[in-house]
Amino acid sequence: MRLVFAGTPEVALPSLRALLDSRHEVVAVVTRPDAPAGRGRKVERSPVAALADERGIEVLTPAKAGDPAFLDRLREIGPDLCPVVAYGALLPESALAIPRHGWVNLHFSVLPAWRGAAPVQAAVRHGDDITGATTFRIVKALDAGPVFGVVTERVRERDTAGELLGRLAESGAKLLLSTVDGIEDGTLRPVEQPEENVSYAPKVSVDDARLDFACTPAAALDRVARAVTPEPGAWAEFRGERLKLGPVTPVDEEGLAPGELRVERKRVLVGTATTPVVLSDVQAQGKKRMAATDWARGVRIEAGERIS
Amino acid sequence: MTQRSSRPSRPRGPHPPRRRTGPARPPVEDPARLAALDTLRAVRQRDAYANLVLPGLLRDRRITGRDAALATELAYGTSRAQGLLDAILAACSDRPLSEVDGSVLDALRLGAYQLLRTRIPAHAAVASTVDLVRAELGSGAAGFANAVLRRVTGQDEAGWIDEVAPDEETDPVGYLAMAHAHPRWIAQAFAEALGSRGEPLRAALTADDARPAVHLAARPGECSADELAAMTGGEVAPHSPYGVHLEPGAGDPGDLDPVREKLATVQDEGSQLCALALTRAPLEGPDERWLDLCAGPGGKAVLLGALATLSGATLDAVEKAPHRAELIRKAAGDLPVTVHVADGRDSGLPAGGFDRVLVDAPCTGLGALRRRPEARWRRQPSDVAPLARLQRELLTSALELVRPGGVVAYVVCSPHLSESVGVVADVARRTGAERLDTRAAFPGVPDLGGGPHVQLWPHLHGTDAMFCALLRRPA
Numbered sequence: 001m002r003l004v005f006a007g008t009p010e011v012a013l014p015s016l017r018a019l020l021d022s023r024h025e026v027v028a029v030v031t032r033p034d035a036p037a038g039r040g041r042k043v044e045r046s047p048v049a050a051l052a053d054e055r056g057i058e059v060l061t062p063a064k065a066g067d068p069a070f071l072d073r074l075r076e077i078g079p080d081l082c083p084v085v086a087y088g089a090l091l092p093e094s095a096l097a098i099p100r101h102g103w104v105n106l107h108f109s110v111l112p113a114w115r116g117a118a119p120v121q122a123a124v125r126h127g128d129d130i131t132g133a134t135t136f137r138i139v140k141a142l143d144a145g146p147v148f149g150v151v152t153e154r155v156r157e158r159d160t161a162g163e164l165l166g167r168l169a170e171s172g173a174k175l176l177l178s179t180v181d182g183i184e185d186g187t188l189r190p191v192e193q194p195e196e197n198v199s200y201a202p203k204v205s206v207d208d209a210r211l212d213f214a215c216t217p218a219a220a221l222d223r224v225a226r227a228v229t230p231e232p233g234a235w236a237e238f239r240g241e242r243l244k245l246g247p248v249t250p251v252d253e254e255g256l257a258p259g260e261l262r263v264e265r266k267r268v269l270v271g272t273a274t275t276p277v278v279l280s281d282v283q284a285q286g287k288k289r290m291a292a293t294d295w296a297r298g299v300r301i302e303a304g305e306r307i308s
Numbered sequence: 001m002t003q004r005s006s007r008p009s010r011p012r013g014p015h016p017p018r019r020r021t022g023p024a025r026p027p028v029e030d031p032a033r034l035a036a037l038d039t040l041r042a043v044r045q046r047d048a049y050a051n052l053v054l055p056g057l058l059r060d061r062r063i064t065g066r067d068a069a070l071a072t073e074l075a076y077g078t079s080r081a082q083g084l085l086d087a088i089l090a091a092c093s094d095r096p097l098s099e100v101d102g103s104v105l106d107a108l109r110l111g112a113y114q115l116l117r118t119r120i121p122a123h124a125a126v127a128s129t130v131d132l133v134r135a136e137l138g139s140g141a142a143g144f145a146n147a148v149l150r151r152v153t154g155q156d157e158a159g160w161i162d163e164v165a166p167d168e169e170t171d172p173v174g175y176l177a178m179a180h181a182h183p184r185w186i187a188q189a190f191a192e193a194l195g196s197r198g199e200p201l202r203a204a205l206t207a208d209d210a211r212p213a214v215h216l217a218a219r220p221g222e223c224s225a226d227e228l229a230a231m232t233g234g235e236v237a238p239h240s241p242y243g244v245h246l247e248p249g250a251g252d253p254g255d256l257d258p259v260r261e262k263l264a265t266v267q268d269e270g271s272q273l274c275a276l277a278l279t280r281a282p283l284e285g286p287d288e289r290w291l292d293l294c295a296g297p298g299g300k301a302v303l304l305g306a307l308a309t310l311s312g313a314t315l316d317a318v319e320k321a322p323h324r325a326e327l328i329r330k331a332a333g334d335l336p337v338t339v340h341v342a343d344g345r346d347s348g349l350p351a352g353g354f355d356r357v358l359v360d361a362p363c364t365g366l367g368a369l370r371r372r373p374e375a376r377w378r379r380q381p382s383d384v385a386p387l388a389r390l391q392r393e394l395l396t397s398a399l400e401l402v403r404p405g406g407v408v409a410y411v412v413c414s415p416h417l418s419e420s421v422g423v424v425a426d427v428a429r430r431t432g433a434e435r436l437d438t439r440a441a442f443p444g445v446p447d448l449g450g451g452p453h454v455q456l457w458p459h460l461h462g463t464d465a466m467f468c469a470l471l472r473r474p475a
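Quick mapping for you: the protein sequence lines, in order, are chains A and B.
By my numbering, the letter at position 53 of the first sequence is numbered 53, and the numbering carries on one by one without gaps.
By my numbering, the letter at position 463 of the second sequence is numbered 463, and the numbering carries on one by one without gaps.
Mixed in with the good hints, there may be bad ones.
What the hints assert, rightly or not - Taking lysine-lysine and the DSS-like style, the derived pairs with C-alpha atoms no more than 25 Å apart in a straight line are: (1) A:Lys64 to A:Lys203; (2) A:Lys64 to B:Lys330; (3) A:Lys266 to A:Lys244; (4) A:Lys203 to B:Lys262; (5) A:Lys140 to B:Lys330; (6) B:Lys330 to B:Lys320; (7) B:Lys262 to A:Lys64; (8) A:Lys266 to A:Lys288; (9) A:Lys140 to B:Lys262; (10) A:Lys140 to A:Lys203; (11) A:Lys64 to A:Lys140.
Calculated directly from the structure, the hints in this document are not laboratory data.
With the hints as extra help, turn the sequences into a complete structure.
What follows is the structure in structure tokens.
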């Protein structure tokens, strides 16, 4: 089939690669416009655009997916099907109507759980044991279309959202390819999602990633920190400045007030609402990321000092 | 061999000698403060609206991220606090503010705001402001600005309020007005609507002086509040079934995908509730013809149009200004909305032709001051009477357009009694319209008072201070 692939970040690459290497023909990719990124705010090509450039495939970057010029070009191309992985913008009905077989989205949860922008972060944050990936036909409502296929994936005890998403991107790519095959062969019949047990996973803001050592139990802090790693990254305040934090590990010990720091030879502990947690790595403003022990030695933490 | 471009190359050789022009002055590299200052100047010189000027400046000058956030905080915050800042600056200046050059005064307000209401260190606030003044007006003005701002640093906001505000015991309204940076007459109007000069007034003024969250309305039938919250990272609103709140300062909501794709609009939750109240009022007989008599710029018309689609009704929208009527047409898209360019007092529509009519009347906007930074200092007490007269005429007209037994919702974004209770009581008396218990059309909303009308408040409901009264035309 003639495909136009829509996707933007790194996590879309395994799917795009799988489709490029398949019996189908990827004639163009749609991706979010180049955006300034990182320190120095250099304008960078999206990972999907970069791979498409490498393979000599046309790249479309409409500012919004309803742009008439974009829709015209899409009609000219005339795709049979448009697979989507983390494109990052809504598709208006005018775009949905163009490909013969519609648009198929690979979403990183077992729908109807965790519709929305941050399903993997929500799964880690809520302590789900099992999550997965789903392919479904895109309809106007958010992540609500009929489902073609599902794979499941266990959430491991120390998974960060980034690690889990990495595995889902790989298993999801296989699912997406078999979905595209099945649609072409006419062997797949999509099934409507159940109406009950719908949940939503809004995108995670920087404020959502603040660790509140005073009011949160150690086990919950552990999940929150893993859920927001690497994006947007956990943080707390130390001496009035923002301190970025990597994952934290609960330990079964006692004796620290909420937020209180204790520096040992090989560990830095912080008190929580329950038992303490061990800090892994930290990044102070304007500094490089470093092991928490190195940081603690550098800033000379005094007895009783707190992080909040 | 490579081909040389045919474009003429730059002349070779040494650069021409630099001309010396007086003492070198360092350029001001402070785009955020400069944008804030230029906004204040536009507001002062040409009666501009801060929240229309600033976004354009930020776009044109490509100011983004933290600089944009700082410019917004400074421009809006300074506009909001102007009266309080002026009282403090007057106490710190050896000449009357009326004799200070307008541009210097803008800069002084900007500097004083940073000193009193932000966490910017005092030395940075003073130095950056003095730099702006020096770059624009020379070192004489800079010296004056420096001297005044140094005096402002002598106390914090609370200390200054104690010094410049009326005595709290003898003039509680005057004191609260100054302490929360409101003109006295507006604080007085709030006090009358609240029936309080004490804690409720303090709470209302405090909430009115805070930076409001942006509210979105999911378009009924297109997406749910849950979906909208998931798409935008906002929170589902507490009272409106279509509402979502975004964090304050979350950037330009017009850039959000769901807004651009017309799945949602930017609309205060209070406006949503008042439009919904019209549809929730009990009605006997047909319920197919709805009318929005003062529809521009179209927020409530779009919400009502979407609800009309779902219930098989149609909406007529009346707007006097052709360009605003065009805005409504665009926003309504394929909804069953017919737009008429006409004065609501003389619309030419058939008398008794509608089952439900909304009158969202032009008003002083005292209930939406938190969303219009400079408005509180621009409005005058003399604005109230002519608006109240217009409101009475519009409401009377609405009661003629609705069929016997039909319902009219009268809505203003002002708690001023002359524009709210006063208008409704007067028109009801003269037309014989029945006043319904409007609270029943706000299910689940707490603190609605003794009725029969509804007054929403920022400090109680997190909405603008919207007033809503439902009336029924006698059968």
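Evaluated hints:
This hinted pair checks out: A:Lys64 and A:Lys203 have alpha carbons roughly 19 Å apart, not beyond 25 Å. A distance of roughly 18 Å separates the Cα atoms of A:Lys64 and B:Lys330; the hinted pair therefore holds under the 25 Å criterion. Distance restraint check for A:Lys266 and A:Lys244: the Cα-Cα separation of roughly 20 Å lies within the 25 Å cut-off, and the hinted pair is therefore satisfied. At most 25 Å may separate the alpha-carbon atoms for a hinted pair to count; A:Lys203 and B:Lys262 meet this at roughly 20 Å.
For the suggested pair A:Lys140 and B:Lys330, the alpha carbons sit about 21 Å apart, so the restraint of at most 25 Å is met. For a cut-off of 25 Å, the pair hint linking B:Lys330 to B:Lys320 stands: about 16 Å separates their Cα positions. Distance hint between B:Lys262 and A:Lys64 is fulfilled; the C-alpha atoms sit about 12 Å from each other, no more than 25 Å. For the hint linking A:Lys266 to A:Lys288, the alpha-carbon distance of about 20 Å falls within 25 Å, and the restraint holds.
With a CA separation close to 12 Å, the supplied pair A:Lys140 and B:Lys262 stays within the 25 Å bound. The hinted pair formed by A:Lys140 and A:Lys203 meets the criterion: a straight-line CA distance of about 19 Å does not exceed 25 Å. For the hint linking A:Lys64 to A:Lys140, the alpha-carbon distance of about 16 Å falls within 25 Å, and the restraint holds.
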